[in-house]
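Engineer: Letter by letter, the chains look like this.
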Amino acid sequence: MTLLTTRGLSKHFAGLHAVEGVNFDLPQGEVRALIGPNGAGKTTLVSMICGRIAPSGGQVIFEGRDITALPAHKRIMLGMAYTFQITSVFAGLSVGENVALAARRRLKGADVGLAVDDALARVGLLERKAQEAGDLSYGHQRLLEIAMGLAQSPRLLILDEPTQGLAEGEIAEFKALIRELAGKTTILLIEHNMSVVMELADRITVLNFGEILAEGTPDEIHANGEVQTAYLGNG
Amino acid sequence: MSGGARAYALHGGVIAVLFALQFILPAYHHGNLARIMVLASYAVGYNILFGYTGLLSLGHALFFAAGMYGMGLGIQHLGLTPAPALLLGLVAGALVSGGLALLALRTTGVAFMIVTLMFAQAGYLTILYFGEYTRGDEGFVIQQAQRVLWGIDLSDAGNRYFAALILFGSCLMFSLWLVRAPFGKVLVAIRENEERVRMLGYDIFAHKLAAMVISGTIAAAAGASYGLLFGYAGASFASVQYSIFPLLWVLLGGAGTVLGPFIGTLFMFYLIDLSSGVTTAYMLIAGVALVLLTLFAPQGLMGELRRRVWRGLP
Chain A
1 MTLLTTRGLS
11 KHFAGLHAVE
21 GVNFDLPQGE
31 VRALIGPNGA
41 GKTTLVSMIC
51 GRIAPSGGQV
61 IFEGRDITAL
71 PAHKRIMLGM
81 AYTFQITSVF
91 AGLSVGENVA
101 LAARRRLKGA
111 DVGLAVDDAL
121 ARVGLLERKA
131 QEAGDLSYGH
141 QRLLEIAMGL
151 AQSPRLLILD
161 EPTQGLAEGE
171 IAEFKALIRE
181 LAGKTTILLI
191 EHNMSVVMEL
201 ADRITVLNFG
211 EILAEGTPDE
221 IHANGEVQTA
231 YLGNG
Chain B
1 MSGGARAYAL
11 HGGVIAVLFA
21 LQFILPAYHH
31 GNLARIMVLA
41 SYAVGYNILF
51 GYTGLLSLGH
61 ALFFAAGMYG
71 MGLGIQHLGL
81 TPAPALLLGL
91 VAGALVSGGL
101 ALLALRTTGV
111 AFMIVTLMFA
121 QAGYLTILYF
131 GEYTRGDEGF
141 VIQQAQRVLW
151 GIDLSDAGNR
161 YFAALILFGS
171 CLMFSLWLVR
181 APFGKVLVAI
191 RENEERVRML
201 GYDIFAHKLA
211 AMVISGTIAA
221 AAGASYGLLF
231 GYAGASFASV
241 QYSIFPLLWV
251 LLGGAGTVLG
261 PFIGTLFMFY
271 LIDLSSGVTT
281 AYMLIAGVAL
291 VLLTLFAPQG
301 LMGELRRRVW
311 RGLP
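As they're listed, the protein sequences go chains A and B. Heads up: the first sequence at position 95 corresponds to 95 in my numbering, and the numbers run straight through without jumps. Heads up: the second sequence at position 229 corresponds to 229 in my numbering, and the numbers run straight through without jumps.
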């Protein structure tokens with residue numbers, strides 16, 4: 001079953017075609033990586049999917065329902081979650097309260113506390129629950145951002161460059177976490193780290209100049225000459 | 001003691017001290033404190049929007065005056081007794097703040113400040129325009145006989161102090177409860193990072209609207225009580241000065257702290273009161289004190305206390 005579909009999705013910024021006519025299908029349960037050079041339109045595309053920015057044209061369909069006109073907060077309530085590329089936690093609140101804000105949208109009472117502890121344990125931040133989020137290291141703030149996504153228990157989890165700024169060990173833990181989620185949660189992952197992409201993704205979509213350049217399994221993409229020229233380099 | 005119990009103990013303790021003070025204070029300070037408590041209630045309402053939600057309104061005098069005139073005109077022209085008149089003031093405040101919120105919340109930042117300021121000015125001019133009913137700048141006195149609430153004469157100093165304490169205590173405890181409740185946490189999160197809150201699935205507009213109505217209604221409760229307790233309603237309470245006052249009090253006391261509005265109001269009131277006894281240039285002393293405070297305690301008195309002593313202070 002297809003969880004998410006876009007048809008002819010476009011975004012123009014004053015003549016610049018950031019995203020142009022993207023037809024994208026994401027089946028339920030898949031881990032999909034979205035890659036492409038800087039400025040290829042990856043963040044713009046997922047921002048239109050989750051409603052942060054309005055498209056110039058085209059449609060977004062989630063679980064068979066046209067959600068193009070739906071505001072972001074209502075899309076989130078349908079079961080999307082989006083973690084920010086630039087770390088965007090609530091610096092003045094405690095780590096636990098950050099995750100609780102995410103959990104409280106679907107849970108009440110004691111269940112919130114359980115969901116918070118569970119999400120924090122999964123990213124390894126449970127012992128820092130009472131700490132102020134602004135005091136965390138950059139890598140830990142990235143993990144907190146992911147924990148907030150987990151606490152939302154989404155159908156579709158959109159991760160925008162989640163491993164940026166993480167140490168090697170943290171990246172390994174991140175991979176393990178995604179493998180654990182795979183199958184239950186559909187994941188759309190924007191990522192620059194090729195080892196993360198190649199190891200985690202079921203399929204990869206390559207974006208270049210706002211259009212889909214190629215789509216396929218990691219092996220197919222790895223062997224694709226066009227992709228190598230556009231993105232991986234031909235050295 | 002848990003953080004919550006400590007917070008309730010501290011704020012309950014402040015109310016208990018204020019209760020006890022009425023028996024020992026000399027008449028002059030007794031009267032001052034009653035006035036400060038009513039004005040501090042106004043600041044508590046302002047703080048919910050400014051301190052906790054991060055929306056800087058320059059038009060809260062409109063809500064204060066809506067409460068004052070809703071109550072005052074109800075007594076003066078509809079012949080209401082104080083209880084329904086107070087209620088009318090609250091309803092007026094809720095309606096006016098809800099209406100203004102629907103318009104002003106379409107803007108953010110500086111535009112929000114300007115829109116609220118303009119509407120408050122329009123409200124002020126409206127009061128002057130309908131001078132036939134409102135008595136304009138001159139205002140009108142609410143007679144002693146009209147200020148008897150359930151057989152209690154509110155013009156009596158003791159009763160007045162007690163009424164002010166009930167108002168302030170309710171506003172303070174409500175504010176403490178609100179900011180510790182999930183709804184209040186969302187407001188703080190909106191202040192910290194609005195876009196992130198939206199992407200967690202919260203309706204930002206609905207939350208800001210609710211915050212503005214709560215804030216405006218508390219301001220109106222203070223305005224209505226002020227008119228009733230001190231027996232006067234006048235257009236000067238709707239002027240821009242009364243929009244700036246709560247901002248100053250909250251900044252001095254500590255924006256985003258529950259006790260800050262009271263501390264700020266108390267500090268500013270006595271700063272002006274004491275310095276005017278020393279020199280006629282008392283605003284100079286007040287100004288210097290404000291500059292010093294902004295330099296050395298930019299987060300206000302309670303904000304500084306939170307930074308240095310008690311990180312979890314609500």
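Hints should not be assumed to be uniformly reliable.
[Said to hold, decoys possible] Label pairs and their in silico Cβ distance ranges:
id, chain 1, residue 1, chain 2, residue 2, range
1, B, G287, A, I171, 51 to 59 Å
2, B, A9, A, Q164, 40 to 48 Å
3, A, L114, B, H29, 18 to 26 Å
4, B, A122, A, H12, 55 to 63 Å
5, B, R106, A, G225, 46 to 54 Å
6, A, Q59, B, A9, 54 to 62 Å
7, B, G151, A, G113, 33 to 41 Å
8, A, M77, B, L102, 42 to 50 Å
Everything labelled a hint here was simulated from the structure, so no lab data went into it. Treat the numbers as computed from the prediction; the structure is a model and nothing was measured. Beta carbons are placed, not taken as given, at the ideal position from N, Cα and C, and that holds for glycine.
Engineer: Now, for every hint given, state plainly whether the structure supports it.
Structural biologist: These are the hints, each one checked on the structure:
In this structure the supplied range 51 to 59 Å holds for G287(B) paired with I171(A), their Cβ-Cβ distance being about 56 Å. Distance hint for A9(B) and Q164(A): a CB-CB separation of about 45 Å, consistent with the stated range 40 to 48 Å. About 52 Å separates the C-beta atoms of L114(A) and H29(B), a value inconsistent with the hinted range of 18 to 26 Å. Between A122(B) and H12(A) the CB atoms are about 40 Å apart, so this pair departs from the stated range of 55 to 63 Å.
Roughly 52 Å separates the CB atoms of R106(B) and G225(A), a value that falls within the hinted 46 to 54 Å. Checked against the hint of 54 to 62 Å, the pair Q59(A) and A9(B) passes, with Cβ atoms roughly 57 Å apart. In this structure the hint that G151(B) and G113(A) lie 33 to 41 Å apart at CB is violated, the actual value being about 49 Å. Distance hint check: the CB atoms of M77(A) and L102(B) are about 23 Å apart, inconsistent with the given range 42 to 50 Å.
When held up to the earlier numbered hints, the structure conflicts with 3, 4, 7, 8 and fits the remainder.
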